[in-house]
Amino acid sequence: MDVSRFEGTSDEALVSSYVGGDGRAFDAIVDRYERRVYAVALRMTGNPDDARDVTQDVFISALRSLKRFRGDSQLSTWLHRVAVNASLDLGRKRSRRKTSPLDEVHETADPSPGPDEHAEAAIRAAEVQRALAELSDEHRAVLVLHDLQQLGYPEIAEALGVPVGTIKSRIHRARAEMARKLGHLRPREPEGSEGPLTP
Amino acid sequence: MMDAHVRDLLSAYLDDELASDERAQVDAHLPSCADCSSLFEGLRATLAEMRALPEPEPRGADSIALRAAIARARSRPARMWGALGALGGAAAVVVAFVAFSGTPATDSPFEAALAPENSMAASTLDYDQASARALLDGYSLQGETGPAIHGAQEDATLGRGKAADEAIAWSAVLTRCEKTILEGTTDRYDRINSFAARYEGTPALFLIYSVGDPADRRELWVMSESCDVLLFEQARA
Numbered sequence: 001m002d003v004s005r006f007e008g009t010s011d012e013a014l015v016s017s018y019v020g021g022d023g024r025a026f027d028a029i030v031d032r033y034e035r036r037v038y039a040v041a042l043r044m045t046g047n048p049d050d051a052r053d054v055t056q057d058v059f060i061s062a063l064r065s066l067k068r069f070r071g072d073s074q075l076s077t078w079l080h081r082v083a084v085n086a087s088l089d090l091g092r093k094r095s096r097r098k099t100s101p102l103d104e105v106h107e108t109a110d111p112s113p114g115p116d117e118h119a120e121a122a123i124r125a126a127e128v129q130r131a132l133a134e135l136s137d138e139h140r141a142v143l144v145l146h147d148l149q150q151l152g153y154p155e156i157a158e159a160l161g162v163p164v165g166t167i168k169s170r171i172h173r174a175r176a177e178m179a180r181k182l183g184h185l186r187p188r189e190p191e192g193s194e195g196p197l198t199p
Numbered sequence: 001m002m003d004a005h006v007r008d009l010l011s012a013y014l015d016d017e018l019a020s021d022e023r024a025q026v027d028a029h030l031p032s033c034a035d036c037s038s039l040f041e042g043l044r045a046t047l048a049e050m051r052a053l054p055e056p057e058p059r060g061a062d063s064i065a066l067r068a069a070i071a072r073a074r075s076r077p078a079r080m081w082g083a084l085g086a087l088g089g090a091a092a093v094v095v096a097f098v099a100f101s102g103t104p105a106t107d108s109p110f111e112a113a114l115a116p117e118n119s120m121a122a123s124t125l126d127y128d129q130a131s132a133r134a135l136l137d138g139y140s141l142q143g144e145t146g147p148a149i150h151g152a153q154e155d156a157t158l159g160r161g162k163a164a165d166e167a168i169a170w171s172a173v174l175t176r177c178e179k180t181i182l183e184g185t186t187d188r189y190d191r192i193n194s195f196a197a198r199y200e201g202t203p204a205l206f207l208i209y210s211v212g213d214p215a216d217r218r219e220l221w222v223m224s225e226s227c228d229v230l231l232f233e234q235a236r237a
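Protein chains in written order, with our numbering: chain H, 1 to 199; chain S, 1 to 237.
Some hints here could point you the wrong way.
Pulled a few chain S residues facing chain H out of the computed Cβ check, cut under 7 angstroms [what the hints assert, rightly or not]:
# : residue
1 : Gly60
2 : Asp62
3 : Leu230
Pair ranges (Cβ atoms, derived) [stated by the list, open to error]:
# : chain 1 : residue 1 : chain 2 : residue 2 : range
4 : S       : Glu57     : H       : Arg5      : 23 to 29 angstroms
5 : H       : Gly21     : S       : Ala172    : 22 to 28 angstroms
6 : H       : Glu7      : S       : Ala61     : 21 to 27 angstroms
7 : H       : Thr166    : S       : Ser226    : 19 to 25 angstroms
8 : H       : Gln74     : S       : Arg51     : 20 to 26 angstroms
If you are wondering where the hints come from, they were derived from the structure by calculation, not from laboratory data. Computed from a predicted structure; not experimentally measured. Quick reminder that beta carbons are idealized off the backbone N, C-alpha and C, glycines included.
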């Protein structure tokens, strides 16, 4: 399906075209955003089968909802919001499958350093993914959107429907918790002592 | 001595999300504060590890399945009288409501089904995504268990006059819309239930399937009379 004529077209124009009846514009939206939606879904759910299902849910939902898209928010923000929510919904419906270190998420690290470094990087990536899976839904969502999807604080705030100030503190707490899990910060000191963090 | 205020700004500082005056404050404070500096370093290292995660790539089969699912959801209704053989031999054809006791002046079988005079109409409920999702979750993969549909019965009046015509029209809509779902999939679809209800105010066809052989998921399709997909939900075993 040839959507090359849409290269360079803005998201806004793509949505308009689709709403105006050009089905190919929707195909272009899928091509443009499939990887991003899948990435959010995979890092939120922790396993590829769930990520696949979430990705389908997101775009089929978009098929319907885009016709009513008021353009208040960007398409990108909207897709990120739906991807996060769909991932969380899926997780709530059934207990999230535990990620096992080398199985669920097939991390492919850069092979050029050599076989040992490759294995090490893949193992570490799986550890990071597992630590991410242990975070609360809220904490995981903000780190995925900021660190991995490169959204700024205002866009994350809009995607998640909370004030920017909330995003600021949530990211701080989430990242600190990840840091403790990954060994970049000491485990939390008991209440009242002078650790680097307060709750 | 750690400055509590600066400490709380360190992630935003790392992410370059501070206003210039706050950024200046942190710039001034960090060099002289070992605790803040080590916290900052811990946060920085964590961000670096997150950024080092490889970019996930959808599996080839997933990309294909995505486009197939979209195509099914979009395809225009084909000929009205699709071959019933497309449903698969063992399809459980449960027409969840049929008896039209009254006949309101409308051509739409959906509206007829939902008219208040038809006490046998499948559902007077107006669903939204959350309640539709809950509906799907109420069905077990073993098949027919699920929420009771008000007054759902085989139509005893089939074959008699206008009620029969409307039942046939309803059946045609169901068949037509179902065909758009089944086209282009090789998965086994067994219809567990179907009924009319409103979806966000719009009269709609609700179709619930057990999918796979062996069955590994359930799907709910909510479709308008012209077979547009209003909602698609799936639940794995």
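Hint check:
{"no.": "1", "hint": "Gly60", "result": "11 angstroms, violated"}
{"no.": "2", "hint": "Asp62", "result": "4 angstroms, holds"}
{"no.": "3", "hint": "Leu230", "result": "6 angstroms, holds"}
{"no.": "4", "hint": "S:Glu57 - H:Arg5: 23 to 29 angstroms", "result": "26 angstroms, holds"}
{"no.": "5", "hint": "H:Gly21 - S:Ala172: 22 to 28 angstroms", "result": "26 angstroms, holds"}
{"no.": "6", "hint": "H:Glu7 - S:Ala61: 21 to 27 angstroms", "result": "26 angstroms, holds"}
{"no.": "7", "hint": "H:Thr166 - S:Ser226: 19 to 25 angstroms", "result": "42 angstroms, violated"}
{"no.": "8", "hint": "H:Gln74 - S:Arg51: 20 to 26 angstroms", "result": "23 angstroms, holds"}
Hint violations for this structure: numbers 1, 7, all remaining hints satisfied.
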